[in-house]
Amino acid sequence: MNFERIKEKLNILADAAKYDVSCSSSGSNRTNKNKGIGDSTGIGICHSYTEDGRCVSLLKILLTNHCIFDCAYCVTRKSNDVKRAAFKIQEVVDLTINFYRRNYIEGLFLSSGIFKSPDYTMERLITVAKKLREDENFNGYIHLKSIPGASDELMYEAGLYADRLSVNIEIPTISGLKLLAPDKKHEDFLKPMLKVKNEIVRYKSEKKIIRSTPKYAPAGQSTQMIVGATGESDKDIMYSATHFYKNYNMKRVYYSGYIPVADDKRLPDIGSQVPMLRENRLYQTDWLLRFYGFSVNELLNDAYPNLDIEVDPKLSWALRNLNHFPVDINKADKSMLARIPGIGMKSVHKIINGRKFRKLNWEHLKKMGVALNRAKFFILCDSSNWERRDLDAERIKGMILQTSVGKFRNQYSTQLALFN
Amino acid sequence: MMNTSKTLIYDGSFNGFLTAVFIGFEQKISQADIQRSGQTQNGLFAETETIFTNVEKAKRVWNGIRNRSNTAVKNIYFAFLSEKKGIEPLLYHYIQKLMGSRENKASDFSDDAVLKINQLAHKVGREKHRMEAFIRFQLTKDDIYFATIEPDFDVLPLISKHFRSRYADQQWIIYDVKRKYGLYYDLQGVELISLDLQDIHVNSINKNDAFTNEEYEYQGLWNNYFQSTNIKSRINKKLHTQHVPKRYWKYLSEKKEAV
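If you read the sequences in order, they're chains Y and A. Letter by letter, the first sequence follows residues 1 to 420 of the numbering used here. Letter by letter, the second sequence follows residues 1001 to 1259 of the numbering used here.
If we strip away everything but chain A, and leave its shape as in the complex, we get (with noise of 0.2 Å):
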C-alpha cells in the first residue's frame, strides 16, 4: 500500500534533513511534514517515523538533485539555513516537483513553489554578503581577531571559506552568539567551537580588557574616517538606513555612537 502523507522528525542537521527527503522518496510519501526534532508540533498526519542521520543517504539525494541543477542544489541548501517555520516542507515539495520534471524545473519562475524557494535562498545570500561586509574583528591580547555575530539566519556555514582565503595569516573567531556556536580559524583550517561568552560585545562604548589597547586606537581612527568621508551636503539618511538597516548597527564600530 502506498503512503501519502506521513510526519518525519531529524535531528535539524542539513544532512539530516536530506535523510528524511531519502526516506520520504523511498516510501512514496507524497506529502511528507518534516520537521525538527525538539520542535515538533502536533501534526497535520497521524503517522510519525523519527529519522536516523545517515550521510550515505543524505549524499544521495544531494547528488541526485545537483544532477537535475546546480542552482537547484545551492538554492535548497541556502533555504535551508533561513530556518524558516515550515521549509522543510516546502522543500520536500520543491524537490519532488524538481525530479519528477524532465526539464529544468528549478528555472521555472511561473512556479510558486520555485519562485518562494529562490526568494528564501535570496534573502539567505543576501545576509551572508551582509556578515561578510558587517563582521568587525577585535584583536584580542591572545593576537586572536574576534567577532561576534547575530545573523538572521544560520550562515557561518557559508561564510567560513570567505574568511579563511582572505584572512589566511592571522588567527581569528567568528561566534553566532544567538545559536551559540563559532568559527576559530588557527592558521591551518577551521573548527567549530561553542564559548562560554559573558560580556563581549562588538561594539560595546566601555572598553573591554579582552582586547589590546591598540585595538581601542583603530577603532577610533576608523570611526574618525568614517565621519570626514561623508559628503554633508548630500545627507540622504533614508538611503543610509536602506543599505545599513539599524539592527544591523550593533556590530559596527562607526555607528557605536548612534545605538
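Isolated chain Y (complex conformation) (with noise of 0.2 Å):
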C-alpha cells in the first residue's frame, strides 16, 4: 500500500464528504458469523467527535468526487475548480478493515460523485461492498449512497450488501430543485427511494415465512434535506419530512444547515453564518413527531410557518396552547406528560412509575431531572405551591428566558450585546 497517496486520495475524498450529516451505526441486526470479523447487532457508537462538535462514527468518503452533475450547492459540483481524486476499491476495502480492526469506526459510508452514469457508479459502490462482506467476512455496518437514477437490479443488489441506504434530496422544493440543480430530476431521486421502500417492505413480509430470507437494508434508508440555502420555509421543510417518513419508511430525515461553498447569486454568500440555531430547532421538531406524539400541522401552519428561534418547539407550542395546562403529575396520561416543557421521555418514564408509589411533589420531579424552570409554568404536582399567577404566554416567555442560558443564546440576543 502507497500510505502517501492514500493519504492525499484520503484528503481529498473525506473532505468532500463531510457535508453529508448521517452518522448513524445503530438499528441494524447483522451479527459476527463464522468467526469473521465485525458485529451491527448493538447501538451506535460514536467513536470520536470533530472539533465541530459531530460524531465520527462511519468511514465516510466519496469513492471519487469526479461529478457530471453541477448543482450549485454542491462541492463535488463539475464547474468547482478543486482537485479530484479517485479510490480504487480494493484501497476502500483495506482502509475499512484496518480502521476497524483498530476500533476507529463502526463501519463504512460510501457516496460517490457521479462519473459516467449512475448505474456504472451505482455499480462500484456495490462492489466496494460486495467485496467486505464476502471477501472479508464484515460484518460491521455499512451505509451505501442511492445514487439517483440508478436502476431498479443494481438497487435491490445494493440492499443486499448494505445496511443502509440513504438519497439525499437536498433541496425540499421542487423549485429550488429546478433553480440550483437543473440536470437533475426530482424523480430520479425518488426512484431508488421507493424501490428501497418496496423491497425493505416484501423482505419484512417475507421473512415471516422464510426465515433464511437474505437480509435487506436491515438499518432502512435515510435522506437529507439542506436548510437555508433557497429560503424554504420550516414549513416547508418539515412538511417534506413527514412526506417522506410516511410515503416511503424513512428511518431518519437529516437536516443540514447549508455551508456556503460557492459564489453564486443562487445561494446565501460564501462567510455567511452556517444556520445552526435553525437547524437544531429543526431536530428538535422531527423529535417531537416521532416520539412525542406531536403531529406537524400542530407545531407548523399557515399561521405558523416557522419556527420560534428563541424557544424550543414544544415550549413554543405550549405556549400557543395554554388551554391544555396546568396538568396535573400524578394524574395526567402518559401522552399528556410528554406535552410539558422540560420533561423529556426518560422523565415521563419515571413519572409515571415514580407515581404508582406515591404523589409526586417539587423534590421528587427535581430529582427526576424534570427541567423545573420551563416545567413549573405548566403543572400542578403534590404541593400547594404552584403558579397562582395568571401569567399569559408573553410573561411566561419572558420570565423562562431570564432564567435560562441558550447555547445559541448570543446569536439572537441584541440586549445582551450592550454590557459586553
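If you are wondering where the hints come from, they were derived from the structure by calculation, not from laboratory data. You may find that some hints are simply not true.
Unchecked claim - With the Cβ distance kept under 8 Å, some of the chain A side facing chain Y (calculated, not the full set):
id, residue
1, Y1167
2, E1217
3, Y1218
4, N1224
Just so it is clear, the structure is predicted and the values come from calculations on it, not from any experiment. By construction, the Cβ of each residue, glycine as well, lies at the ideal position given by its N, Cα and C atoms.
Reconstruct the complex from the two isolated chains, following the hints.
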C-alpha cells in the first residue's frame, strides 16, 4: 500500500464527503458469523468527535469526486475548481478493514460523485460492499448512497450488502431543485428511494414465512435536506420530511444547515453564518414528531410557518396552547405528560413509575431530572405551592428566558450585547 | 436475639459481596456496613465478621433479585463496579427495599436509594460505552491488537462480550493499567491476564518498538481523516469536549497532538 498516495486521496475524498451529516450506525441486526470480523447488532457507537462537535462513527468518504453534474449547492459540482481523486475499490476495502480492526469506526459510509452514468457509479459502490461482505467476511455497518437515477436491479443488489441506503433529496422544494440543480430531475431521487422502500417491505413480509430470506438493508433508509439555501420555510422542510417518513418509511431525515461552498448568486454568500440554531430547532421538531406524539400541523401551519428561534418548539407550542395547562403530574396520561415543556421521555417514564408508589412533589421531579424552570409554569403536583398568577404567554416566555441560558443565545440576543 | 447492625468484611469480588448480602439477610442484620478487606475503616459498629466467598450463596442472592427484577440485577452489578466509596451498604439497603416490597421497587423513581443506584449504574454504563468507543488497538509485532485503558470504573468485565463478538478473527488484549489486569482473546476465548508493563502507552508520540511500522502509517491515515472530516465553519469546541472529555484524550491517537 502506498500510504502517501492514499493519504492524499483520503484528504480530498473525506473532505468532499463531510457535508453528508448522517452518522448513524445503529438499527442493524447483522451478527458476526463464522468467526469473521465485525458485528452490528448493538446500539450505534460514536468513536470520536471532530472539533465541530459532530460524531465520527463511520469512515465517510466518496469513491470519487469526479462528477458529471453541476448542482450549485455541492462542493463536488463539475464547474468547481477543486482537486479530483478516485479510490480504487481494493483501497477502500483495505482502509475500512484496517480502521475497523483498530476500533476506529463502526463501518463504512460510501458515497460518490457521479461519473460516466448513475448505473456505472452505483455498480462500483456495490462492488466495494460486496467485497467487504464476501471476501473479508465483514459484518460491520455499511451505509451506501443510492445514486439518483440508478436502476432497480442495482438498488436491489445494493440492499443485499448494505445495512442502510440513502438518497439525499437536498432541496426540500421542487422549485428550489429546478433552480439549483437544473440537470437533476425530482423523479431521479424518488425512484431508487421507492425501490428500496418496496424491497424493505417485501423483505419484512417474506422473512415472516421464510426465515432464511437474505437480509435487505436492515437499518432502513434515510435522506437529508439542506436548510437555508433556497429561502424555504420551516413548514416546507418539515412537511416534506413528514412526507418522506410516511410514504417512504424513512428511518431518519437529516437536516443540514447550508454551508456556503460557492460564489453563486442563487445561494447565500461564502462566509455567511451556518444556520445552526435553525437546524437544531428542526431536529427538535423532528423528535417531537417521532417520539412525542405531536403531529406536524400542530407545530407548523400557515399561521406559524416558521419555528420560534428563541424557545424550543415544544415550549412554543405550549405557549400557544395554554388552555391545555396546567397538567396534574400525578394524574395526567402519558401522552399529555410528554407534551409538557421541560419533560423528556425519560422523565415521563420515571414519573409514571414513581407515582405508583406515592404522589410526586417538586422535590421528586427535580431529582428525576425534570427541567423545572420551564415545567413549573405548566404543572401541578403534590404541593400547595404552584404558579397561581394568571400569566399570559409573553410573560411566561420572558420569565423562562430570563432564568435559562441557551447555547445559541448570543446569536439572537441584541439586549445582552449592550453589556459586552 | 436479633442483630441490627454489623460490619461485614468481604474480599472485594462481586460474589464476595453477594455472599455478604446473604449472611446479612440470614442474620437479619438491618444495617450492614459491608466493607472491602484492605480498605476497612473503623466501623460504625463494633461487631465485625469476615465473609468467605461462597458461590452457591452468591448465586441464591443473584437469582432472588433477578426473580424480582431484571433491571435491578443489572443495576446492582453496574453500581457495584463503580467502586464508589460506601457503595456496598447502599446496595444492601437497596436490596432490602427490593426484597421487602411486593411491587417492583426497582422502578420507584420517587425513592432516593432507587434513584441513586440508578444514577450510579447509568454512570458505569456510560463509561462502558465510552470504552467501547474510545479504545484504540495498536498492532504489535506478535500480531496482537493491543490497547491500554484507565477507566473511571471497573468496566473490563462489562466490555468483554462486546469485543469478543466483534473481533472474533484477531488476537487482542485490553489492559486496565489502573487496576493492573486485562483481557486477552487468543482466538478461542477470553482470559484474564496481568502484565508487567513498562512503557506501552496508547497515545505516545514516540514510536514504540513493540508495534509494526504499518501501525503508525494507519494511525497517520486516521489522524488525517479526522482532520479532513471536520467542518471548520461549524467549529464548536464546547460541544467537542462535552462529547470527548479531556481525560479521554489520552486514548485517542487522533488527539495525540492535543494531549
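> Looking back at the numbered hints, which does the structure fail to meet, lowest number first?
Replying inline: Per hint list: zero violations.
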